[in-house]
Each structure stands twice: as C-alpha cells, then as structure tokens.
Amino acid sequence: MDQLLDYSEAVRKFDITFGIEVHVELNTKTKMFCSAPVSFAAPPNSQTTPVSLGLPGSLPVLNKTALEYAIKIGLALNCSVAKVSRFARKNYFYPDLVKNYQISQSDEPIVYNGFLNVPLDDGSVFKVEIERAHMEEDAGKSNHIGKTGRIQGAHYSLIDYNRSGVPLVEIVTFPNLVTNAKAPEIIASYVRGLRDIFKVLNVSDAKMEKGNVRADINISLAPKNSQKLGIRTETKNVNSLKSIISCSTYEICRQAYILDKGGEVLQETRHWHEDSLTTSSGRIKSDADDYRYFPEPDLVPVVTNSQQIDKIRQTMPELPFDKRQRLAKAWQFDVKTMSEIVNAGALDLIEQAVKLGVSPQGAKKWYMGELLRWAKAKSCELDSLLPTAQDIVYMEKLIKNGKINDKIARTVLQKVLQGQGDFATVLDKENLHVVEDLSVLEQAVDTALANNLDILQKLKSGNMAPIGVIIGQVMKVTKGQADAKKVTDIIKSRL
Amino acid sequence: MSELYKLSAWEIANKLRLREISSLEITQAFLDRINQTDDKLGAFLLVDDKIAIETAKKIDSSRLKGDTLPKMAGVPIAIKDLICTKGLVTTAASKILQNWVPPYDATLVENIKDNGLIILGKTNLDEFAMGSSTERSAYKLCLNPWDLNTVPGGSSGGSAASVAAWQTPFSVGTDTGGSIRQPASLTGIVGAKPTYGGISRYGIIAMASSLDQAGPMARCVLDAAILHDILSSYDMQDSTSLNYDFGSMEQAAIEGTNQGLKGLKVGIIKQLTGEGFSKGILAAFNKVVALLVNNGAEIVEVDCPNFQYSIGAYQILMASEASSNLARYDGMRYGKRFLPDKQTVTAESMMKTTRDIGFGFEVKRRIILGTYALSAGSYEAYYGAAQKVRTLIKGDFTRAYKQVDCLISPTVPTVAFKIGEQLDDPMAMYMNDLATIPANFGGMPAMSIPNGLAANNLPSGLQIIAPQFKDYNMYFLASALEKLINFNFNPSGLTQLSKAVNL
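Chains A and B, in that order, are what the protein sequence lines are. Everything in the first sequence is counted per the numbering used here, starting at 1 for the first residue and increasing by one. Everything in the second sequence is counted per the numbering used here, starting at 1001 for the first residue and increasing by one.
Treat the hints with caution; some may be incorrect.
Restricting the straight-line Cα-Cα distance to at most 27 Å, the calculated cross-link-like pairs of lysine-lysine (BS3-like) are [to be verified]: (1) A:K311 <-> A:K329; (2) B:K1095 <-> B:K1050; (3) B:K1140 <-> B:K1402; (4) B:K1095 <-> B:K1006; (5) A:K329 <-> A:K199; (6) B:K1095 <-> B:K1287; (7) A:K311 <-> A:K182; (8) B:K1065 <-> B:K1140; (9) A:K429 <-> A:K458; (10) A:K403 <-> A:K199; (11) B:K1287 <-> B:K1402; (12) B:K1342 <-> A:K90; (13) A:K141 <-> B:K1336; (14) A:K485 <-> A:K207; (15) A:K90 <-> B:K1287; (16) A:K224 <-> A:K182; (17) B:K1113 <-> A:K90; (18) A:K83 <-> B:K1140; (19) B:K1058 <-> A:K90; (20) B:K1418 <-> B:K1402; (21) A:K236 <-> A:K207; (22) A:K83 <-> B:K1394; (23) B:K1352 <-> A:K141; (24) A:K378 <-> A:K365; (25) A:K147 <-> B:K1342; (26) A:K376 <-> A:K242; (27) B:K1006 <-> B:K1140.
Honestly, the hints are just simulated from the structure, not real lab data. Given the structure is predicted, the values throughout are model-derived calculations rather than measurements.
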C-alpha cells in the first residue's frame, strides 16, 4: 500500500503540474486509412480489410472526414491549423498492433498551440494550455482469457482487430501549473469540456464509459513557488470524470508523501484501479522510450489552405463554454446552479424546454428533480429518458392553468418514465385532474373538520399548525386531485 | 511451329487476334518450356498450370464467340513473387511467408487480369527483394540463361531469367534500387522502372516504400512498353499513386523506332562512366555513345557530384524503411509461425522465434541496420543525413535536365558474376546498384536495354534515365537505340537447360 500525505497538507506544501493526453475515437463511417466500417457491436474480426489487418502489400489512404474532424477539434480548442502536416510511424511490437507500427503524427501534427477555458465550481475559469492535437490509428483489442482478465495470469489471449485502424485524435496539453487545491477539479473539468466539445461537434460518440474518450494523466509535484518541474508519473486510461478526480487526488497525495519524506518519485506509467481507488506501478518509463519515429512513406503530406479551413470554421456550432456563459446570463442562474445543471447533463434539455416556452426555473425544477432522480436510480443519462421537452412544456402549462397540481404531474411523469405513453395520453388515461367543483371541496373540508373537532378548536384559537392534517384528509378523499391552495382558503373561511 | 515460345508478346497477340494460334496452345507451349527448363534454371517459385490453362480456355472461347477482347488478351505473363495474387501463394521468397495465400490482388495484378493476360506463375527473387543476385531466395537458386555458372542478378532475378530463357514473353519485376534494371542488364533483356507513382504499389510487398516501383521486363522495348501501359493506372488505394496522363508507352516505342535521334540532347553522367566500371562495360557504353553521335544526337557530359553518396544513403534509407515494413511479419496473424523449443510459449517468444527462423541472413542484416539508423541518438546522423543526400541527388538531376533531355549510363558496373562470388562481400554486392539508385531517389523513370556483349560473352546493359513524368521520352529513346544496337539475343547457357524430352 502506498502511503499518502493528507491532501490539504500536500497542496499547502507543493505546486502541482499536470499534463493530460486525451484520446478520442472519432465516429466516422470508416476507419482512418481504409474502407472497413467503424462498428463496435460487430462480431470479432468482422470489420477488417487487408489494410486494417496489416496484410503484406496493403497501403493506407487517409480518411478525409477524419481529417476534417481533427481540424474541427483543433479549431474548437483555439489551435492553429498546420499548412503542412505529416504522418509518422511509431514503431513498437505488440500483438494487437497489426503492422507493429502505429501510423501517428510526430513533430508535424495537424493542429497545435491552443487552449481550453474550463469553468470551475467557484465561478472562476482555468485556462488549460494545449500543445497539439494529432491524428492516429487505434490498435486492436487483446482479450486476456483467465482468472485475472489481465495479461498476467492469462491462459491465452484473443485479439479482436475490429478496433484496428479506428481513427483517433490525441490531444496533448502543455504542462499546466496549479498553485492551489483545484488540480483534480481542473483536470476533470478539462476532460468534461473536451467530451462536451466532441459531442457538440458530433465528431465522436464521446461516451467515456465505452472508452470513446480515454485520458492519460501526468502529474508532478514541486515545492511551493520553486518554479521547478518535478518528476512525473503517467496514469493511463482513467475513463470517468469521477475516477479522474479520485486518481489525481490519490497521485498528488502519494507523490507528496514521498517528496515530503525526502524521497524521489519514480518516473513511470501507473495503472488506476477503480475498485480500490488506488494507482499501482506499471512499467518504468523514461524519456528514452524509443519509438523510432520516421515520416510515413506510404502517405503524402497533408496540405491545408485557408479557404478549406474557413469553410470548416463556418460549420462550427456554439461551443459548450460559450453556451454555458450565455445561458447563465439569460436564465439568471448562479454559478453553482449552472455547474449542477452542466454536471447533470441537463443544459441542452432545459434549453430546449425553455425555447418551447417553459420558464427556466420550471424546466430546471423537473429536470434537476424528478427526472434526475430517476436517471440516477437507473444509472442512465438524463437525455436518454422518455419524457420529451414537449411533455415538460405541456405539464407546466396545465399546472400554471390550475388544471393539475404538482402531485398529479409527478404521478403522470412516473408513468411516462415507465413507458406508458406521452404526458397527455397518460393524463387522459388516468383521468387525473384538479377538482374544480368548489362544493365537492367544501363538503370534504366540512367532513374533515367535523371528524377532528380538537383540531378545529386549535385552528380557531389561532394555532394553524395542524392545518396540514385537514388538508391531508381532503387530499385523501379527493385522491390527491385537490388544489391545496383552494382547500386552505375554504378551511380558513370556516374558522 | 516448334518454337512458339520464342515469339514476342506483341507477335503472340497478333497471332491470337488473327486466330493463327489459340491462347491454350501458346500457354501450353510456355508451360511445357517451363517444365523442361526450370528444374535447373530456378526462375519460378510457383507455376499454376491449372489456372493458366483455365484462363486461356476462357479467353479462347470468348474470342470464338466474337467478344471484343483487350489487345493483349490470351498472352502469358509471369509475376514476381513479391506481388500479391489472390488465391495464389505469395512468399516474397521468404520462409516467413511460406504457403501464404493473399486474399486480394495487387492493383497491377487486377490490371493484368482485366487485360486478359494469362498468369503462368510467380517468379523467384531475393528474399523480400533484398539482394542483387537472387541467391538470397529462401527457396532456390536461380541461374543466368547466358551462363549457368553466373547469377541472373536481382532482386527480380526470376522475372529476368524467365524472360531470357523464353519461359514467358514478359514478366513483372520490382525495383527499389535497381532490382529490375540490374537483372535485365545481366540477362540481356529490357527492364523499366516507371516514374515513382506511375504503377500502383497496392499489393506489392513493401521493402522501402518511398523507393519501390514495379515495372515491365521483356525481350524487346515494344513488349515492355505494352506491358507498362497495362500495369500503370491511377489508384485511389495508393496515396503515392499519380493521377497523371503519361501517354502511351507503346506509341513512344513505335515512334522511337520510326523517328530516330536527330536533335536529341543526351547526357552522360561523369560520375557513372569511370571508376568502378569494368573495361568491357565501358567499351560497350562508348560504342553506344558513338552510335548516338553518328545518328544525330547531341552528347553532353553532365556533372552529378552527389551521386557518389548514393550507395551509402540508399543503405540507410532502404534499411530504415524496410526495418519498419518488415515488422509485421511476426507469426501472429498470417504466414509461418515458429514456436520456441524450450521456453514457455508467449506471444513475445513466438514472435522472436518466428522472426529468428523465418527471416534469412540478409533480411536480418538490413532490419538491424535500419533499426539502428532510426534509433534515438542515431537518427540525425544516419536517417537525417541520408535524407539530405537524397535531396542533393534530386538537385543533381534538376541541374542535369536543364541541359539535356535524357541521361544514359551503363546499367551495372560489371557483367553477371559467378554464383557465390559476392555472397560474403556485401559491399561488392551493393555496388551493383551504383548506377541505378539515383533514379529511385529522384523518382525518375529509368530502364535498361541490352547493349551488346561485354566480357565472357555476357550481356551488358545501357541505362536510360528520363526526367520525372517523361516515361514517354525514355521509351522513345530506348526504342530508337534498340534498333541501332540491334542486339543478337542468344543466351548461350540455354542449351544446357533442357530436359531430354521428345520434341
């Protein structure tokens, strides 16, 4: 077990430098360098061509859509687009790497020198400096068969080359210095920011749980204000925002303990363990890792021109950060509320409902309340739930007009969530509506008061506390379809 | 006709068109010829009688029906075993690809099939095209039809020997540093490397991707030109393929014969006419220079000072690319798998053993050299420097072509050497490519045509190098010179080849 320094002490004693490499799988129809379909559900080794199997004599041809997507990502990250960029071969042997080299980009990436502003919960913004983003192909997938599920202890391994050649863009940050306690939050917010950009650009399915977005986190510590770079570790494939926070925090505390005791951090690759929330040592990594990069002779240089870039620029949608700022202002929500909304994945849903006429508060109430509870209980995304923005709009209109109350709305919404139909249909079927006939309510109030003379006395004497009991009984009699405000008024008229 | 197999490809095509012979007859004639000669010659690694005969029959019946057929339909051809043929074992003459059957055709093979040519089989080569003698084939030796004690050159030695031994009218070779032109020179035939990007590389097992080009080999310029036209096409599957109209090489060959050399400016490369070239070769070369002058061409000596570095730079660039291109042969997905004897079998130990046993000596030498040249700390000194030399050599060409239309040189510094003579002397072996490498560096079209006999009654070759994209001019000059040289093609070793058969 690693020994850890308390987090608050760690960030009091040390400055933290992080660097993040994010790989994103593009959702192009075909692979990076051949016509094999990109499909993740297909049977093993069914989505291949001679090129994606690395057969002798096969040659790569660049997927133009993948190039366009890479440029889009670069523009969204405020990068410069290279006039000439080149592919290079990264040479290393591994069974799931069909050619035993990966076609990647080395010193001439497609986009470079950018940044991403990431919003933090306290309302501040951190500017993450980005070095480059480049195109490359994915490798196949090894499935190690045995008790461990890892290569150590496996009886044998099966390789699925469906993923071989799937287009990737790798986004690499510069080392970013953090002098306060926010490094884990910044890192997670940055990865979330990238994920949201991939989604809004529609260049990737961007599902972290499916491995569409994979983050490698480099962290190093240096004594406060020393202006030095410490020795870093790289934790590979941290694939959820929650894990990113835990893993970064863990690594900071682990390194802090070592440094605090006068020790030296080992430069290495580490693995993140979701179960124990710890990292463990992988292979020793040094800067002398020799991939023998050289220009890929099978591909011609990628040449871009400004007209082409402008054309792509014109197709760029509003980016998540800008949208968040704009909507916060329009809706007059505070930073904390906006953070919660964004973290819940409710921003677009609320925006859509507001566009259709619901008040921002009203839309927020439902999405961040009833619907979010349901999504959390079912562990699914908010935008995958059945109720549509139209349902929310219709529901809010009926409440506003006094045709239904919140309780009815909730009851119906539950049934919509269960798949019994849209809001109007369920409402109709269940014949739920607010009791509008005053005489029915008056009769129910009178009965309730007659049955609870002690309460009536208290109410008359000015002690209004037990009024809820009477309202409750009226609700029971009317099966919850009474308007609570009206019932209160009637009770008061009887005192 | 008893010696059908001595016909040229265009003659065969004419006879087929006129229905003087059938494709089945001519195909059978070549299959018989191979059967009689190849046990000893070793030009073929695979002969597929069945498919050849089936295809020939199809062409014949199609012709009988009156279908419009491509001009060369029904003419046999042989293909270097470095080129993928769907359903037909392709080995690159390496143990590591023993019995490997490609599931796809190289683009140039598709072109061959679309043109109705009959594939006789796959020809021998140095393993993965690494060599200049075909002695590095993992399967068998290939002999030079002019003298069975000498090598046919390489790496396209089988493609050259098969043509020279009348086993096929023409064949396809590949050329990375001279692997078409050098064996063509050593066996007295014509061999051409097109402008880089002229013929698709898709389906050609790569040695050095930035230099590899396939090309035709034949006994006359016209046959080579006709095959060149068939092989070349713009191919979306090869990013380095050129979408360019090169014109018809057949037309160039015909016009060259008719129009002659008047007014043509021909350059002689100072660096490729002296040191390192044998007396006999230079004598033959000087004869052709005189022929040029006498026939109205203007001769200009051009200086290409950086050519002297070409062999060193080539060794580095070729080996670097090859080390990466050959990384995929690991026994994991296809080809031959060798398992370790004693250790536990892991992916890594299997890959190591496969590469240890599966690759031959020369292949390993180049992989190690290339891996070293690309390594951190060596990259700039080797790969980087070699790239600079390549740029300088291109500059030499640019300057030269400001003065002349075409360049000529001897193709190879010597005639065919004895089997085994250079096997333990890699530097001597590498010198074979002295005159041919620059064209690969520059991406220029270059070809070798027979230029009479030099020492020991062995053929000498003349190399023509044209500017990039000017393949047409190259064939034009080659055809004109072929007529003037009037080479007497008569490989003297052939008499010792034939099995005793009832003719």
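Here is what the structure says about each hint:
Proximity of K311 (chain A) to K329 (chain A) is assessed by CA-CA distance (about 30 Å); at most 27 Å being required, the pair is judged violated. Restraint check for K1095 (chain B) and K1050 (chain B): satisfied, since their Cα atoms lie roughly 25 Å apart, inside the 27 Å limit. Using a Cα cut-off of 27 Å, the hinted pair K1140 (chain B) and K1402 (chain B) is violated, with the two alpha carbons roughly 46 Å apart. Using a Cα cut-off of 27 Å, the hinted pair K1095 (chain B) and K1006 (chain B) is violated, with the two alpha carbons roughly 34 Å apart.
Proximity of K329 (chain A) to K199 (chain A) is assessed by CA-CA distance (about 23 Å); at most 27 Å being required, the pair is judged to hold. About 44 Å separates the Cα atoms of K1095 (chain B) and K1287 (chain B), which puts this hinted pair outside 27 Å; it is violated. Of the pairs offered as hints, the one joining K311 (chain A) and K182 (chain A) is violated, with about 38 Å between alpha carbons and a cut-off of 27 Å exceeded. As the CA atoms of K1065 (chain B) and K1140 (chain B) are separated by approximately 43 Å, the hinted pair breaks the 27 Å bound.
About 41 Å separates the Cα atoms of K429 (chain A) and K458 (chain A), which puts this hinted pair outside 27 Å; it is violated. With a C-alpha separation of about 39 Å, the suggested pair K403 (chain A) and K199 (chain A) falls outside the 27 Å cut-off, and the hint is violated. A distance of roughly 25 Å separates the Cα atoms of K1287 (chain B) and K1402 (chain B); the hinted pair therefore holds under the 27 Å criterion. Using a Cα cut-off of 27 Å, the hinted pair K1342 (chain B) and K90 (chain A) is violated, with the two alpha carbons roughly 32 Å apart.
Distance hint between K141 (chain A) and K1336 (chain B) is fulfilled; the C-alpha atoms sit about 22 Å from each other, no more than 27 Å. The suggested pairing of K485 (chain A) with K207 (chain A) is violated, with an alpha-carbon distance near 46 Å, which exceeds 27 Å. The suggested pairing of K90 (chain A) with K1287 (chain B) is violated, with an alpha-carbon distance near 51 Å, which exceeds 27 Å. Of the pairs offered as hints, the one joining K224 (chain A) and K182 (chain A) holds, with about 15 Å between alpha carbons and a cut-off of 27 Å not exceeded.
Taken as a hint, the K1113 (chain B) and K90 (chain A) pair is broken in the structure, with Cα atoms around 36 Å apart against an allowance of 27 Å. With a C-alpha separation of about 50 Å, the suggested pairing of K83 (chain A) with K1140 (chain B) is violated against the 27 Å cut-off. As the CA atoms of K1058 (chain B) and K90 (chain A) are separated by approximately 47 Å, the hinted pair breaks the 27 Å bound. Distance restraint check for K1418 (chain B) and K1402 (chain B): the Cα-Cα separation of roughly 40 Å exceeds the 27 Å cut-off, and the hinted pair is therefore not satisfied.
Distance hint between K236 (chain A) and K207 (chain A) is fulfilled; the C-alpha atoms sit about 17 Å from each other, no more than 27 Å. A C-alpha spacing of about 24 Å is found between K83 (chain A) and K1394 (chain B), which places the hinted pair at or below 27 Å, so the restraint holds. Distance hint between K1352 (chain B) and K141 (chain A) is fulfilled; the C-alpha atoms sit about 21 Å from each other, no more than 27 Å. Between the alpha carbons of K378 (chain A) and K365 (chain A) the distance comes to roughly 19 Å, so the proposed pair stays at or under 27 Å and holds.
Simply put, K147 (chain A) and K1342 (chain B) have alpha-carbon atoms about 26 Å apart, close enough for the 27 Å limit, and the pair holds. For the given pair, K376 (chain A) sits about 15 Å from K242 (chain A) by alpha-carbon distance, which is consistent with the 27 Å threshold. Among the hinted pairs, K1006 (chain B) with K1140 (chain B) is consistent with the structure: their alpha-carbon atoms are about 25 Å apart, no more than 27 Å.
Checked against the numbered hints above, the structure violates hints 1, 3, 4, 6, 7, 8, 9, 10, 12, 14, 15, 17, 18, 19, 20; every other hint is satisfied.
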